[in-house]
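Number of protein chains: 2
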Amino acid sequence: MAIYTCGHTTPDSDSICSAISLAYLLNKIGREATPARQGEVNPETQFILDRFGFTAPELKTSFAGEEIFITDYSDRGQAPKDIDEATIVGIVDHHKLGDLTTSAPLECWIRPVGCTNTIVKEMYDYHKVEIPKEIAGIMMCAILSDTVIFKSPTCTDLDIKVVRELAQIAGIEDFGALGMEMFKVKSAVEGVPVRELILRDYKPFDMHGSKVGIGQLEVVDLTIFDAVKDELQADLDKLREEEGLHTAALLLTDIMKEGSEVLVSSSDASIFEKAFDKKLENGKVWIDGCLSRKKQIIPFLEPAFA
Amino acid sequence: MAIYTCGHTTPDSDSICSAISLAYLLNKIGREATPARQGEVNPETQFILDRFGFTAPELKTSFAGEEIFITDYSDRGQAPKDIDEATIVGIVDHHKLGDLTTSAPLECWIRPVGCTNTIVKEMYDYHKVEIPKEIAGIMMCAILSDTVIFKSPTCTDLDIKVVRELAQIAGIEDFGALGMEMFKVKSAVEGVPVRELILRDYKPFDMHGSKVGIGQLEVVDLTIFDAVKDELQADLDKLREEEGLHTAALLLTDIMKEGSEVLVSSSDASIFEKAFDKKLENGKVWIDGCLSRKKQIIPFLEPAFA
Ligand SMILES: [Mn+2]
Ligand SMILES: [Mn+2]
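Chains as they are written, first to last, in our numbering: chain A, 63 to 368; chain B, 63 to 368.
FYI, nobody ran anything at the bench for these hints, they're computed from the structure. Source: prediction; values computed, not measured. Nothing false has been slipped in among the hints.
Where chains are identical, the list cannot tell them apart; a pair therefore holds if satisfied intra-copy or between any two copies.
Subject to a maximum C-alpha distance of 20 Å in a straight line, what follows is the list of computed SDA-like cross-link-like pairs (lysine to any residue):
| id | residue 1 | residue 2 |
| --- | --- | --- |
| 1 | Lys223 | Ile91 |
| 2 | Lys143 | Ala368 |
| 3 | Lys213 | Ala239 |
| 4 | Lys190 | Leu220 |
| 5 | Lys357 | Met318 |
| 6 | Lys273 | Glu303 |
| 7 | Lys223 | His189 |
| 8 | Lys336 | Lys357 |
| 9 | Lys223 | Tyr188 |
| 10 | Lys223 | Asp236 |
| 11 | Lys356 | Thr164 |
| 12 | Lys357 | Thr164 |
| 13 | Lys356 | Ser165 |
| 14 | Lys90 | Leu220 |
| 15 | Lys357 | Ser165 |
| 16 | Lys143 | Asp161 |
| 17 | Lys143 | Ala126 |
| 18 | Lys356 | Tyr264 |
| 19 | Lys357 | Thr163 |
| 20 | Lys356 | Thr149 |
| 21 | Lys341 | Ser329 |
| 22 | Lys357 | Glu169 |
| 23 | Lys357 | Glu129 |
| 24 | Lys357 | Asp146 |
| 25 | Lys90 | Met63 |
| 26 | Lys357 | Thr218 |
Working from the sequences, and respecting the hints, build out all of it.
Structure below.
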């Protein structure tokens with residue numbers, strides 16, 4: 063039985079690229095594997111796949127009876143609905159430890175680094191498998207994406223070292239330029255429905271019993287949102303109602319100015335305000351230096367719900 | 063702040079030895095670490111520590127405000143009571159993925175192998191740290207203990223390879239003989255109170271809402287229990303009542319005959335009987351080939367509670 067490698071719901075580039083890079087590795091060490099994805103490919107990821115000649119992994123949302131090697135998450139909120147009927151044979155991830163459990167031993171490669179693909183690189187080295195040029199390319203792009211070209215506080219020395227190694231294998235001389243090109247693709251929001259923008263990189267959380275949903279958009283210039291900010295705010299209210307969320311938020315991250323404007327819709331905004339010791343103005347606040355949802359939002363917001 | 067390395071409640075040799083071997087490794091890579099233990103040292107472990115010149119790690123049951131690198135478990139049932147007030151910086155384990163969660167990224171080295179110390183060896187290799195002779199000795203003994211000298215179905219080729227490497231480092235020519243010596247120490251039950259025997263290697267589980275406790279005693283000859291079996295059975299009933307368990311069981315494992323007699327006290331024994339498709343006789347049943355609680359008991363018993 064083939065193992066499916068698959069990342070989280072609303073897949074980002076790391077989820078898609080790690081599914082591909084991990085599946086290749088597993089096949090090389092004699093474990094039949096097929097990459098999959100739980101949702102649509104976003105424009106940034108499509109750019110990466112096109113750049114290195116890959117097609118998107120198979121779309122798959124049901125895994126009952128299958129073996130799955132999870133990439134880029136470890137919580138039930140981001141898993142397929144029927145994950146309890148699947149066998150989780152492994153997890154490779156770089157987030158906090160989530161609430162997935164298993165009934166049999168498995169392998170977990172979880173590290174506090176900037177990107178899952180940095181850890182997949184460790185797995186290639188452990189198994190002494192050579193990384194093909196194209197696979198190295200998509201792994202490198204995923205790391206540049208997750209670490210916001212090394213600017214994110216989640217970025218570690220290991221991420222930088224691995225990008226340099228992968229760039230060499232992929233034959234990319236100026237990976238910084240490729241990263242910027244990638245983020246420009248990511249910044250293309252014109253004509254995109256606001257709901258699609260909110261959900262493009264959206265993660266649901268269970269914070270001590272309260273449902274919280276947080277999206278993030280990383281762009282090279284925040285002014286592109288000026289015309290749609292009110293619309294985004296209104297749609298956050300709508301999303302919160304539809305999904306029964308306590309709080310819905312959207313991070314508009316300016317990777318050049320290195321900070322995020324956070325749009326917040328909440329049934330009790332004081333929780334958010336206390337968590338960050340900041341007052342919202344018309345449901346918005348600028349948080350200077352904030353680039354990472356994982357490291358600069360979740361660890362402060364979650365305890366505020368305790 | 064020093065990191066505490068610490069295994070599960072009712073520590074076995076793997077929990078104690080991995081706390082020591084991991085702490086040494088962390089110190090070597092510049093992370094101050096102190097080994098700890100959550101409970102008394104059992105006779106087998108004491109034999110190992112004496113054999114290689116170690117004293118037992120510090121007894122510590124409260125970790126509020128501390129950093130902890132967990133070894134040999136990943137579920138709350140085996141964690142310190144105040145684990146939520148500690149920061150889990152890492153987990154190295156070889157069991158099914160438990161229900162511990164964290165609010166920040168961490169490192170997890172979890173593998174489906176026979177012993178945590180096999181994975182700690184992988185960590186030494188990853189960090190290119192040389193293993194001292196004495197540390198290699200206790201790591202080797204822990205693997206021989208957890209894998210029942212390679213007889214357990216949990217034992218993998220990697221465990222065997224690592225034992226050979228560690229034996230070489232430790233300068234032990236006949237590791238099989240040392241293993242048998244160790245299991246003879248483990249088999250010494252004369253004069254030990256029955257409750258102490260039940261709890262010597264005891265693990266609590268939450269099986270779909272039902273509390274289940276399972277102890278295991280591995281000996282070289284089962285007849286040593288003949289005189290105390292009734293007393294053990296009566297004390298299992300008592301333990302079940304005291305702890306509000308649905309089921310309390312004790313595996314009497316004969317490592318030479320390669321099987322286990324299981325003593326069961328249950329508020330509904332039919333669950334156990336269905337799980338293993340066997341009838342209990344006077345609350346007892348022999349399961350041929352059963353050496354591993356983790357691999358041959360839990361994966362069958364847990365689904366029966368679903
Ligand atoms: Mn990621
Ligand atoms: Mn163990």
